[in-house]
Amino acid sequence: MLNSGLNVLFEGINFLRLLEGLVHTLRIAFIAVIISLVMGTIIGVIRTSNNKFVQFPFKIYLELFRIIPILVWLFVIYYIVPVNFDVELSAETVALIVFSLWGAAEMSDIVRGAIISLPKHQVESSRALGLGKIQMYRYVLVPQAAKRSIPQIINLITRMIKTTALLTMIGVVEVIKVGQQIIQVNNTEYPTISFWIYGVIFLLYFCICFPLSRISRKLEQKWAM
Amino acid sequence: MDWQYFSEVLPHYKMALWLTVKLATIGIFFAVIVGVICSVIQYFKIKGLHQIVQVYLEIARNTPLLIQLFFLYFGLPKIGITLSGEMCGIIGLTFLGGSYMAEVIRSGMEAVSKTQLESAKALGLSNIQLMRYVIIPQAISYSVPGLGANCIFLIKETSVFSGIAILELTNTTKNLMGIYYKTNEALFMLVIGYLIILLPLTFFLMWLERRVRNAEFGA
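Protein chains in written order, with my numbering: chain A, 205 to 429; chain B, 25 to 243.
These aren't lab readings, by the way, just hints derived from the structure by calculation. Honestly, I wouldn't trust all of these hints.
[Said to hold, decoys possible] Computed beta-carbon distance windows for the label pairs:
hint: 1; chain 1: B; residue 1: Phe68; chain 2: A; residue 2: Pro395; range: 38 to 46 Å
hint: 2; chain 1: B; residue 1: Leu73; chain 2: A; residue 2: Val285; range: 44 to 52 Å
hint: 3; chain 1: A; residue 1: Phe260; chain 2: B; residue 2: Phe212; range: 20 to 28 Å
hint: 4; chain 1: B; residue 1: Lys145; chain 2: A; residue 2: Cys411; range: 40 to 48 Å
[Stated by the list, open to error] Here are the computed lysine to aspartate or glutamate pairs in the DMTMM-like style, where the Cα-Cα straight-line distance is at most 25 Å:
hint: 5; chain 1: A; residue 1: Lys366; chain 2: B; residue 2: Glu110
hint: 6; chain 1: B; residue 1: Lys38; chain 2: B; residue 2: Glu110
hint: 7; chain 1: B; residue 1: Lys69; chain 2: B; residue 2: Glu127
hint: 8; chain 1: A; residue 1: Lys422; chain 2: B; residue 2: Glu127
hint: 9; chain 1: B; residue 1: Lys206; chain 2: A; residue 2: Asp290
hint: 10; chain 1: B; residue 1: Lys138; chain 2: A; residue 2: Glu424
hint: 11; chain 1: B; residue 1: Lys206; chain 2: B; residue 2: Glu32
hint: 12; chain 1: B; residue 1: Lys102; chain 2: A; residue 2: Glu393
hint: 13; chain 1: B; residue 1: Lys198; chain 2: A; residue 2: Asp290
hint: 14; chain 1: A; residue 1: Lys366; chain 2: A; residue 2: Glu296
hint: 15; chain 1: A; residue 1: Lys381; chain 2: A; residue 2: Glu393
hint: 16; chain 1: A; residue 1: Lys256; chain 2: B; residue 2: Glu233
hint: 17; chain 1: B; residue 1: Lys206; chain 2: A; residue 2: Glu292
Where a beta carbon is used, it is the ideal one built from N, C-alpha and C, also for glycine.
Take these sequences, add in the hints, and give me the full structure.
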């Protein structure tokens with residue numbers, strides 16, 4: 205009786221479809237991570253400036269993404285933009301926009317924290333060597349800050365991958381949506397199927413996120429200051 | 025903006041806001057309890073339990089809340105365990121939150137310096153006394169920033185409850201959008217709803233962090 209639900213998973217291409225959904229999810233996460241890495245580093249460097257007028261807008265930007273749930277951001281962009289600005293956005297685009305903005309905000313905070321934590325003599329020595337501001341960031345500060353922030357960046361990536369589960373709520377056909385489709389088709393024949401399908405999705409997410417958080421912890425211990 | 029509409033739906037939002045706060049509070053309360061228990065087990069590396077807690081922490085931290093909830097709400101009834109939506113929400117929040125709280129409290133306990141432990145042991149305190157009088161009071165002051173961040177994180181996570189038919193803020197908004205087609209107004213109320221809960225809390229936690237930092241031992 206309990207087995208019948210699990211069997212469906214290996215009938216035909218059901219498992220393959222689930223994996224396809226997962227790959228789709230991961231692709232969105234991956235692109236968003238790349239965009240946030242680039243944007244986050246730039247914003248992070250800008251935020252190390254001591255100018256209040258530069259700091260303030262970015263601070264607001266970061267706090268907005270920290271205070272308002274990501275699901276709400278998804279809804280806001282998904283419903284507000286097409287209605288008010290006459291722009292067609294697919295659910296995937298909305299997902300990419302929200303995830304990139306959120307990732308960049310968090311990434312900027314990580315980068316900023318890492319740069320600020322560098323010893324002051326790094327800045328002074330590079331000035332003494334006659335490096336310009338851009339050269340100083342390019343050759344001295346950012347490379348060192350990168351090493352310090354890698355564990356936290358991997359953590360953020362794990363969080364972003366986990367949050368992709370929310371995309372099902374705005375109708376992106378990712379792993380959960382595919383799972384629900386499989387459940388709907390087979391529900392009458394195999395009553396226990398939702399237990400197994402959701403269980404498998406649970407495991408799939410775990411299999412991706414667990415190694416990442418392990419790596420992050422290892423690096424944290426190795427590079428502990 | 026349609027102001028008439030606001031007054032019409034305000035009661036719905038009031039109820040939703042109340043439900044969000046209620047579920048979040050209960051969830052956070054149990055999460056802290058689970059967190060304290062798990063962190064003590066981890067700290068003393070109690071045989072047997074230590075490994076079980078480790079497995080729990082890894083599972084809870086590395087899976088999305090939405091899937092945990094779907095599993096509880098849609099999966100478990102099929103093998104004979106039926107829980108109401110709100111029950112699932114609280115269990116899910118406790119399950120997820122407990123692991124995050126445990127992490128923060130444990131690192132707070134580990135931040136208590138070794139000399140303190142040695143002195144306490146030299147004074148002849150037992151393990152329980154050591155916990156009660158030396159480690160926990162200091163660990164709390166170290167963990168306050170992390171605990172606060174977790175509270176905000178868990179309150180935000182309640183938005184995920186909309187996936188399992190709990191009428192909290194996000195789900196109410198979705199329903200009202202379906203009934204009235206007032207997208208802008210409904211989403212405006214949604215954002216305001218979360219700001220009403222989270223902004224005062226953020227400021228309170230900032231204040232608390234400053235207070236506790238000043239009270240820190242030897243600083």
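Hint check:
1. B:Phe68 / A:Pro395: 38 to 46 Å: 45 Å, holds
2. B:Leu73 / A:Val285: 44 to 52 Å: Between Leu73 (chain B) and Val285 (chain A), where Cβ atoms are some 50 Å apart, the hint holds.
3. A:Phe260 / B:Phe212: 20 to 28 Å: 24 Å, holds
4. B:Lys145 / A:Cys411: 40 to 48 Å: 43 Å, holds
5. A:Lys366 / B:Glu110: Satisfied, since the Cα-Cα distance of roughly 22 Å is no more than 25 Å.
6. B:Lys38 / B:Glu110: 17 Å, holds
7. B:Lys69 / B:Glu127: 14 Å, holds
8. A:Lys422 / B:Glu127: Given that 25 Å is the threshold and the Cα spacing comes to 16 Å, the pair holds.
9. B:Lys206 / A:Asp290: 16 Å, holds
10. B:Lys138 / A:Glu424: 21 Å, holds
11. B:Lys206 / B:Glu32: OK: Lys206 (chain B) and Glu32 (chain B) at ~12 Å, within 25 Å.
12. B:Lys102 / A:Glu393: At roughly 13 Å apart (the allowed maximum being 25 Å), Glu393 (chain A) and Lys102 (chain B) satisfy the hint.
13. B:Lys198 / A:Asp290: Distance ~21 Å between Lys198 (chain B) and Asp290 (chain A) Cα, so the pair holds.
14. A:Lys366 / A:Glu296: 16 Å, holds
15. A:Lys381 / A:Glu393: Roughly 20 Å between the alpha carbons, so the hint for Lys381 (chain A) and Glu393 (chain A) holds.
16. A:Lys256 / B:Glu233: 23 Å, holds
17. B:Lys206 / A:Glu292: 19 Å, holds
Figure legend: structure checked against the earlier numbered hints; every hint is met.
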